[in-house]
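Novice: Got chain A; can you put chains B and C on it based on the hints?
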Amino acid sequence: MTFLRNSWYIAAWSNEVTEQPLGRRILDIPIVLYRALNDSAVALFGVCPHRFAPLRLGRLIGDAIECPYHGLRFDRYGKCVLNPHGRGARPAALNIKHFPLVERHGACWIWMGDAERADEASVPPLDFIDDIGGRTVVRGHIHSNAYYELLTDNIMDLGHVDFVHSQSLGSPSFATARAEVRVSRDGNTIRCDRWMPDDLQSPMLETVYERRGRVDAWGDVTWYPAAVMKLSVGMTAVGAPRQEGRDIPSAHIMTPETKGSTHYFWASARDFKVGDDEYSRQFLEAFTNAFVNEDMRMVMAQQEEIGSADLNALKPALLSTDAGPVQVRRALTQLIAAEREAGPA
Amino acid sequence: MTFLRNSWYIAAWSNEVTEQPLGRRILDIPIVLYRALNDSAVALFGVCPHRFAPLRLGRLIGDAIECPYHGLRFDRYGKCVLNPHGRGARPAALNIKHFPLVERHGACWIWMGDAERADEASVPPLDFIDDIGGRTVVRGHIHSNAYYELLTDNIMDLGHVDFVHSQSLGSPSFATARAEVRVSRDGNTIRCDRWMPDDLQSPMLETVYERRGRVDAWGDVTWYPAAVMKLSVGMTAVGAPRQEGRDIPSAHIMTPETKGSTHYFWASARDFKVGDDEYSRQFLEAFTNAFVNEDMRMVMAQQEEIGSADLNALKPALLSTDAGPVQVRRALTQLIAAEREAGPA
Amino acid sequence: MTFLRNSWYIAAWSNEVTEQPLGRRILDIPIVLYRALNDSAVALFGVCPHRFAPLRLGRLIGDAIECPYHGLRFDRYGKCVLNPHGRGARPAALNIKHFPLVERHGACWIWMGDAERADEASVPPLDFIDDIGGRTVVRGHIHSNAYYELLTDNIMDLGHVDFVHSQSLGSPSFATARAEVRVSRDGNTIRCDRWMPDDLQSPMLETVYERRGRVDAWGDVTWYPAAVMKLSVGMTAVGAPRQEGRDIPSAHIMTPETKGSTHYFWASARDFKVGDDEYSRQFLEAFTNAFVNEDMRMVMAQQEEIGSADLNALKPALLSTDAGPVQVRRALTQLIAAEREAGPA
Chain A
1241 MTFLRNSWYI AAWSNEVTEQ PLGRRILDIP IVLYRALNDS AVALFGVCPH RFAPLRLGRL
1301 IGDAIECPYH GLRFDRYGKC VLNPHGRGAR PAALNIKHFP LVERHGACWI WMGDAERADE
1361 ASVPPLDFID DIGGRTVVRG HIHSNAYYEL LTDNIMDLGH VDFVHSQSLG SPSFATARAE
1421 VRVSRDGNTI RCDRWMPDDL QSPMLETVYE RRGRVDAWGD VTWYPAAVMK LSVGMTAVGA
1481 PRQEGRDIPS AHIMTPETKG STHYFWASAR DFKVGDDEYS RQFLEAFTNA FVNEDMRMVM
1541 AQQEEIGSAD LNALKPALLS TDAGPVQVRR ALTQLIAAER EAGPA
Chain B
1241 MTFLRNSWYI AAWSNEVTEQ PLGRRILDIP IVLYRALNDS AVALFGVCPH RFAPLRLGRL
1301 IGDAIECPYH GLRFDRYGKC VLNPHGRGAR PAALNIKHFP LVERHGACWI WMGDAERADE
1361 ASVPPLDFID DIGGRTVVRG HIHSNAYYEL LTDNIMDLGH VDFVHSQSLG SPSFATARAE
1421 VRVSRDGNTI RCDRWMPDDL QSPMLETVYE RRGRVDAWGD VTWYPAAVMK LSVGMTAVGA
1481 PRQEGRDIPS AHIMTPETKG STHYFWASAR DFKVGDDEYS RQFLEAFTNA FVNEDMRMVM
1541 AQQEEIGSAD LNALKPALLS TDAGPVQVRR ALTQLIAAER EAGPA
Chain C
1241 MTFLRNSWYI AAWSNEVTEQ PLGRRILDIP IVLYRALNDS AVALFGVCPH RFAPLRLGRL
1301 IGDAIECPYH GLRFDRYGKC VLNPHGRGAR PAALNIKHFP LVERHGACWI WMGDAERADE
1361 ASVPPLDFID DIGGRTVVRG HIHSNAYYEL LTDNIMDLGH VDFVHSQSLG SPSFATARAE
1421 VRVSRDGNTI RCDRWMPDDL QSPMLETVYE RRGRVDAWGD VTWYPAAVMK LSVGMTAVGA
1481 PRQEGRDIPS AHIMTPETKG STHYFWASAR DFKVGDDEYS RQFLEAFTNA FVNEDMRMVM
1541 AQQEEIGSAD LNALKPALLS TDAGPVQVRR ALTQLIAAER EAGPA
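Protein sequence lines, in the order shown, are assigned to chains A, B and C. Position one of the first sequence corresponds to residue 1241 (this note's numbering), numbered consecutively onward. Position one of the second sequence corresponds to residue 1241 (this note's numbering), numbered consecutively onward. Position one of the third sequence corresponds to residue 1241 (this note's numbering), numbered consecutively onward.
Just chain A, with the same shape it has in the complex:
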C-alpha cells in the first residue's frame, strides 16, 4: 500500500481554505493550508521542525504562519522568517517544506511528490465543475474510514448501485448490474462506460431526470490518476439521441488521508434549475445521504472485514463488473512502480 506521490490531489475545496489555518493529513503527511494576503492558497508541511507542534493550531500574521508552541514564523514558502528566542538565529533547519498548489475547478490541488515534476497542465480536466454561467455546481466533502482504492473501486464499478442503493438510486430491474460494460484505456486515462438500453431506472432518478418508465440510460466513468473520476449519469427516451435526454456529470475525487482513511470530495454540475438554491439544497442532501448512508456504510463495513490487508492479497473472486476497477488498480500499480524505479528527482 504505497501511495503515488507525483500526482495532483485535492487537498480542499477552495472555499475551505481561508485565513484560518486548516490542518489536513494527505498521503499520511500532515499539511497545513491557508490563504495568503494576495488570495493565493498555501500548502506547507503541517508540523514545526522545532518541537513538532501542529501548525494548524497557529495563527496567521500577514502571510506568515506562527507556530502555536514557541512562536517561530514561516512565510508562505516555508522559510522561517522569525525566531523570537534569544538572538533570533534562523538556521536552514528551521525551514519547512512547501508544497506546490494549484487552484482549479473550485479546488486546491496539492502535489505531494518532487516539486520539479509538478506540472500544472497535468491537473485532471474537471472543467465541467467550474463555476461558470449556465450551470449550478454543488460540492460535498465526506471523511471515510476506508482505504481510497476501495472508494475508487466503488465508483469504477457501478454494478453495486442496484444493491447498495436499492432504496435510492438502484434500478428495480437491476439494469445497472446487467448493463453492457466497455472499458478502454488511453495513456493513463481509463474509461468505464455502462449502457442500459430500454430499461427501468429508480424512482429517485426518474424524478431527477424528469423522465418515467423505460429509458435508454448510461453511467460513464473516466478515471485520472491517482483517484480522480468524472462520472456522467444520464437517460434519454428509448432510441433517442443522448443529447435529447439529460446528463448530469459529477466528480468523485479520493484523497488518501492515511492507509485507513480518505477524504472523499465530490461535486455535481447541472444545466437545469440553474441557480435554484432550494433545489441545490435538496439535491446535495439526497446525494450526501446516498453516499454517506449507503456507499460509505458499505465500504467501511468492507474495510472492517479486510482489516489492514491489501484487497488483492486476499484474492478476491472477480466478476465481469470488475473490469473497470481491475484496469484502474493495474494502471495505478504500474505508475507507483515506475515512480519507485525513477527514484527521487
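These are computed hints drawn from the structure, not numbers from a lab. Some hints here could point you the wrong way.
Given that identical chains are not distinguished, each listed pair holds provided it fits within a single copy or across any two copies.
[Unchecked claim] DSS-like cross-link-like pairs, simulated, lysine-lysine; straight-line CA separation at most 25 Å:
1) LYS1319 - LYS1337
2) LYS1319 - LYS1513
3) LYS1337 - LYS1513
4) LYS1555 - LYS1319
5) LYS1337 - LYS1555
6) LYS1499 - LYS1319
7) LYS1499 - LYS1337
8) LYS1499 - LYS1513
9) LYS1513 - LYS1555
Keep in mind it's a predicted model, so treat the numbers as computed, not measured.
Specialist: Same frame as chain A, but now just chains B and C:
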C-alpha cells in the same frame, strides 16, 4: 492461544436466528446465521468472496442470502446461485463455506472444524435446559471483552463466589471458599464438585431456595469441551438427602468471539414456580445483574491487567481452589495439541 | 524510552490516599495505594499474584487489603496473611511486592527501583510547599496523554509562555521569549533561570503580582531527577531588589504513568492573601485552566504528531531556548545509562 476447532459451539440461542441475517464472529471467523424456509438454521461464512462485504448486511430471498454490495446470492449450502452481473458466470470461487449446524437444547450449535468430523452425537448433553413440561427455562446472552478461558475458570472455580458476589450470591461465612472440592475426569468430561455441609448461604440464595439458616449446600460443575458447563447449585436441610432440598441447574457456555472477547450464553432451569413469568423476569434480572456487574466486571478487569498475554505465561500462583480450572485447561491443551497433530481431515 | 527506576516519584498527593484503595499506574507498573490504621500510606504491587485481579477493586480489612476476586488478604508489607480457600496454605508465591513510600511535602513519594537503594534523604527538597504557617499552598493533579519528558521540556523551556499562553500568562512584548537564559548544573540538579529586565508582563500576571507596567521579572526553574521541578516566577519594580517584589514558587512534578501518559502534579505556594480560600479557589481555577487548556492541549497535540517515536530520534531543530530541556534530557539519559550498567542491587 489456539482455538479448538473440532468442537460444537453455541453460535446463538435458537430464538436469535430468524429470517433477518445475524452476523456473529466465532473463533475469530465471521459467520452469518439465518433461518431457511423449512425453519432450519443456517450458518455460512459471513463475508462475500467477491469484495468481502459482510453478508449480515444482506437480505434473504427465499432460502438464499443476497450480498448487500453487488447482489451475489448464496443458497443455504453456500453455493452461489445468482450472479446478476454481465452473463452471470458462477465459477466455484464464488461459493462460500457452509458450517455444520445442529439445533438442540434451544440453541444453534456450530461446528467450526472439519465438516467430516462433525458428529451430532457429541453435542454436549444439556437436556436439562430443553423446553419441556414441568420446568421453566430462562436464557441470557452476555458479550464480554475477555478471553473465554478466563470465563471458564470463573465457573470452574466457584471459590470466587463469596468475594465477587459478596453483595448477592456470596456466603457470609465464606462457605463456598471453604467447601470440600472434588475434581474428577471421565474421558473429556471434567467434574468439579463443591460440598458445603452445615453452613450459611447468602440471603439471595435463601430466598431463591426458600430455606433459611444453616444448610447442606453444593455447587457442582461438569465441563465439556471446549467451554460448555453445567452447574448445579442446591441446598437441603442439614443432614437431609439432596432430593428433599432444591437444586437449580444452569448452563454456562463460552463461545470465543476473538482472542479478546467471548459470547457468554447462559440458561437456568427450575422445577418450581413453573410458568410464573413475573418470577422468571425477576430471576433473569437478578442473575444477569450478578453475571454482568459482578463476574464480567471482575473478569474484564483481570483481562485488562493480563493484556494479550496467556494467563499461564504469567505464572499465576495456584490455590487449592484452582483444581477445577487447572484440570480443564490441561484437558483443553491436550485436545488442541491432538487436533494440531492430526492435521486437517 | 526507558524509565529511571531508582528515583522518587510522587504517586499521589497525601490527601488522595485514604482507606479506600487507589489504583495508579506508575512507570507502567500497577500500584495500589492506601492508608493503614496507623495513618501511614502504603504502596503495593497492584495486582494479585493468583489470577491478576486489580487490588484497587478490593477492600481494606484492618491494615490488610483483600483481593476482590478470591479473597486473598495482603498486609501492608505485601505479605499474604489469609488464604480463605481449602486449608489456607500461603506459600511465598502469594506475597506481593511492597514499594518504599515516604510522605513529605504533602505528597506520597514512591521508590520504583531497588528497595535497598531507597534513601529518604534524596527526596527532592520541596519544602516550599509544606503546609506551614505564613503561607497558603494549592495543589492540582492533571492526567495527560503525553510522555513525561515532553511535559518536563515544557517547564524547562518557558520560552513557550508568550505563545501557548498568549491569552493568559504570556507577555505582550514577548519578554519571556527574549529573556536572558542561564543554565547551570550542580550534580544532578539543573537550574534554568530567565531574567526579563524592564519589560511588560501579562495582564493576568499584573493582577496576581499587583504591579502594572514595566517591571524586572524572572522565571527560574530547578530540576531534580527524574521529573521534579521548582519554578519561581516573580517580578519587582525596575531596578529594585527581588525581595521588594513578589515571588510565587510552584512545583511541577511529572510521574510517568505509561510510555504515552503522565500524572502531572503541581502545587503553588504564596505568602500573600494567606488563608483566603476564595482567592485560592480562583487561583487554582485560573492556573488549572492555563495548564489544561493551554499547556496540555499543546503538548498532547505535539505528542499526536510525534506518535510513539522518541523526540530525539526525530532530530528536532534546536533553538537557544532549548538549553534547559537539552541539559535535562542529557542528565536523565546519563542517569538511566548508569542505572542500567549498575544492574540490579
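Novice: So, against the hints stated earlier in the document, which numbers end up violated here?
Specialist: 2, 3, 6, 8 and 9
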